[in-house]
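Keeping their order, the protein sequence lines are chains A and B.
Counting with the UniProt record's numbering, you get residues 1 to 281 for the letters of the first sequence.
Counting with the UniProt record's numbering, you get residues 1 to 281 for the letters of the second sequence.
FYI, nobody ran anything at the bench for these hints, they're computed from the structure.
These numbers were taken from a predicted model, which means no experiment stands behind them.
Just so you know, even glycine gets a beta-carbon here, dropped at the ideal spot from N, CA and C.
Be a bit skeptical, because a hint or two may be false.
Facing chain A, according to a computed beta carbon distance under 8 Å, are these residues of chain B, among others [as the list claims (entries may be wrong)]:
(1) Thr9
(2) Phe29
(3) Gly123
(4) Leu216
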Amino acid sequence: MKHEVKLVENRATLILTYTVLSIALIITLFPIALLVLNSVKPAAQIVQNPLAWPETFRWDNFTRAWEDARFSQTMLNSVILTATTIVLVCTTSSLTAYVLARRKIESWKIVTFYLLGTTTAPIQLFLFPLYFGFAKLGLINNTFAVALIYTAIFSPFAVMLLRTYFLAIPRELEEAAQIDGANHWQVFTKVMLPIVSPGILTVALIIGLYSWNEFLIATTFLQGSENMTAVVSFFLLSGQYSSDWGEIMAAALIIVLPVVVLFVLLQRRFIEGMAGGSVKG
Amino acid sequence: MYRLYLVPTLLINVVIIFIPAVLTIALAFFRWDGITTPVFIGLQNFQALWSDRVFWTALTNNLIWTGIFLTIPIFMGLLAATLLLIARRGSMFFQVIYFLPMIIATAILARVWQGMIYSPVSGVNGMLQRMGFPTIDPLSQPSTALLGIATVDLWHWWGFLCVIFFAALRQVPQEQIEFARLEGVSFWKILRYVLIPAIWPTITLMMIMTVIWSFLVFDFVYILTQGGPAFSSEVLSTLAYRSAFYDLAVGKAAAVAVVISLFGLVATAFYIRAQAKEFHQ
Chain A
1 MKHEVKLVEN RATLILTYTV LSIALIITLF PIALLVLNSV KPAAQIVQNP LAWPETFRWD
61 NFTRAWEDAR FSQTMLNSVI LTATTIVLVC TTSSLTAYVL ARRKIESWKI VTFYLLGTTT
121 APIQLFLFPL YFGFAKLGLI NNTFAVALIY TAIFSPFAVM LLRTYFLAIP RELEEAAQID
181 GANHWQVFTK VMLPIVSPGI LTVALIIGLY SWNEFLIATT FLQGSENMTA VVSFFLLSGQ
241 YSSDWGEIMA AALIIVLPVV VLFVLLQRRF IEGMAGGSVK G
Chain B
1 MYRLYLVPTL LINVVIIFIP AVLTIALAFF RWDGITTPVF IGLQNFQALW SDRVFWTALT
61 NNLIWTGIFL TIPIFMGLLA ATLLLIARRG SMFFQVIYFL PMIIATAILA RVWQGMIYSP
121 VSGVNGMLQR MGFPTIDPLS QPSTALLGIA TVDLWHWWGF LCVIFFAALR QVPQEQIEFA
181 RLEGVSFWKI LRYVLIPAIW PTITLMMIMT VIWSFLVFDF VYILTQGGPA FSSEVLSTLA
241 YRSAFYDLAV GKAAAVAVVI SLFGLVATAF YIRAQAKEFH Q
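Chain B extracted, bound-state conformation (with noise of 0.2 Å):
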């Protein structure tokens, strides 16, 4: 009987995802252009990925993004936690407005940072200009358009993680923080030796989640950027979709999609492995 309970779930989650990903992978190996009959082409769509500039570009940016990622926002995210665990007083506070980009809209969040910070018309970037300040617009030039969206995701994530890691540094037992403090250990060991140890698993799950959420970054660069200027800011979803949705060519942006899986899937074989600990009690 109770089989009865799974099947709302599962008859949705099916048909949304599970049926069109195995079409999905299918498609990869067909010409389409959404409208007519697919046409089987074998590797065609992947050799024509290999040599596309493009798509290498798209690939190399995520690779940039994800070694900005795993270091910057999680050493933040880190420092602010064991900082709010000395500070004590007011740590709710602080963790709450660090929280606070997390729920707005990253629509809203991209247009913010572009019209009002970074535009040279109406942004804060454009008044440092008229002062005279050598100041540029990130999201304009080739070099630096990826690390004006990525400043603007760092941003908007990296008090998550200080959240997380705090809530994890809290639950390390105290009287092992206690025993040495006794003991007269610096706080630095305390952390190097004690706290870091102590919420490890929490630190490797969110480098697992980031490797598998920076392969899927769409938003921000399709809002800022759209991959521009001269594909400088592609990634591999936005180039999937505007293969499919501008092009219209579908088996392509299918080709794309298999390959964002490709790295998710080793990720997300850590992730169910770190998340099946749980499930031994």
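This is chain A alone, in the form it adopts within the complex (with noise of 0.2 Å):
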């Protein structure tokens, strides 16, 4: 076991702490607590009062939402897209990632800091042109078009996270391969990705949990209710003036609900993959 420093033996000194980092948890908490709470009451209770506990449980609410936002319709749409984008973002930029760590072309240096300079480029500066040329081509409300629009956007990330991964292999490996007879696609493919894979479920998992929660390329490009994702018709929904708050707080656990569970089970991965790929490997 590592040997860790107290920093403070005070018990005073601690009792405070644990008092800070517990009042900033209920904070962290208190607006989630009001989704779960809510998404079981009855409408005309949440006007009463939206902090009590719920009187009757209205599990109603679930069903009710599930029609209203068309989620049979939606979520489908949704985990299409989500799939799509994962499949093309890690099978894209594991390419990529790969001989840029390995400093395979002389240029890795100009490609790699192009793909830094696309991760903080305003969506706004390439969204407009995007949309009515898309529009011209029919491709508005096309699933698959979106996806390439996440996989341009969201790639640059996958490529630096996966990168750090290839960088930990050793050479050797790789010569050992080469010297083998290999030629250079089965040693990327045979030796090289079975190695990162790791890293690609890391990837995947972030892709995914990004584009099922994107909104803007979404509300703009897939505004067909046979194509809109479960983000955007529960937008609509809760949009909508005669708002059932209840209903809402449903649709909005449903969508939620798997997020987190994934979350709770990957915690490690989720955080150690989402604070990577923009601080550095």
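Both chains are given apart, each in its own frame, so use the hints to dock them into the complex.
Laid out in structure tokens, this is it:
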């Protein structure tokens, strides 16, 4: 076990520390608790007191939310869009990350800086020509076209993250495979890819999360009721005037729950991936 | 041969981001409604922005936003990260909870705050009003709308910084801390002279990212207020979006996008320089 230094021995300091940390915990959880609590309450009771325990549990909030947000259609759309994006990002980014990490081409530096630069490009810088261009080509309400946009936006992040995984592989392994007569494609697919598969899983999780939650692109490019994502249909449902907040919170919970379950199960991967992609590897 | 590995990533990136970005810069000098042939008008779009009151409000709001996010969440994140370092026991649990809002869709978080907290009808705010407290709905007042939105984003964002800072703090060599402890140096001095300097690169990087992200902020503003009331919470990204898709003034939208990018460009240069150190291994 690694020896860790105690920074403070004083008991009073420790109590104060835990008090402040707990207050922050309560502030963080308060809106999320309201989401969960009110998802099972009748609208009338929410208007009376959003903090009160449910007098009656209205489980039909969920069935009505499922119907009104047309989740059987929009959830499926979200799943297809998310899955397509994950596949596109993971395949294209692992190829690029390998070449950049191993400096296989002379211009690796330029490509790396170009990709770093595009991670910070504002969406508005390319959104308008892209929208009107796609409209002309009939690509509005096209799930695959949106998956391509997500791939362009998310892949620099994926490349930077995967790059660190490729860097960790000893060069000898690659050289040994080459001596054994493997060609460059075999080295990549048979030797390198299996080793970085944990990294690819992390990328898949985070890209999946981003695509599932994304709003701006989805609401702009997928407006048709046949193609919209779950988040956009939630947004439209919750924007109506005669708002039943019990139903809206139930719809919110349906979208959030699978994400939270995955996060709790794989917290380390999520946190390391999201933190690692924006900071250094 | 390895050049081929880069083709998918770069092709998608260039088609989706680079070419439209170049077109946006060109469009900033045209009048275009998205349908008819664009008309070259030189600097007129920029001149129109110069005398547009809403543009200046939006730009000021982005600067206020940058100021808020350069200070409050970074301080909160650092404080909580330091407390986690003191507490040690349970730090993983606190971390996971603080991070939780980051994995929930912004569209959902915005609606939860809007309906369950700020709303004078269904929210905690309305309940307090009925109990006789003189609380207001910040989103409905021009003077507080931006702060109301910033509060939601702060709540959603600070935990991410806390996790990143905590990860960086744990990387500080234990011997340094131990030595200082044995010398009888107080905790605050250790923080000031050992810990903060050690994680300064991480803090700087997060500040650069904050500047970049502050000029991209869109979802929370668009969903919570649409930039209102009376354009009081308008930011550059919502102004550009509305100009392009509601007013069909794509040239003006492109000009705003160019302004956003100019601010981003400066920060991006710092960002790439900070990241470049990593590539000199």
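Hint check results:
1. Thr9: holds, 4 Å
2. Phe29: violated, 14 Å
3. Gly123: holds, 6 Å
4. Leu216: holds, 5 Å
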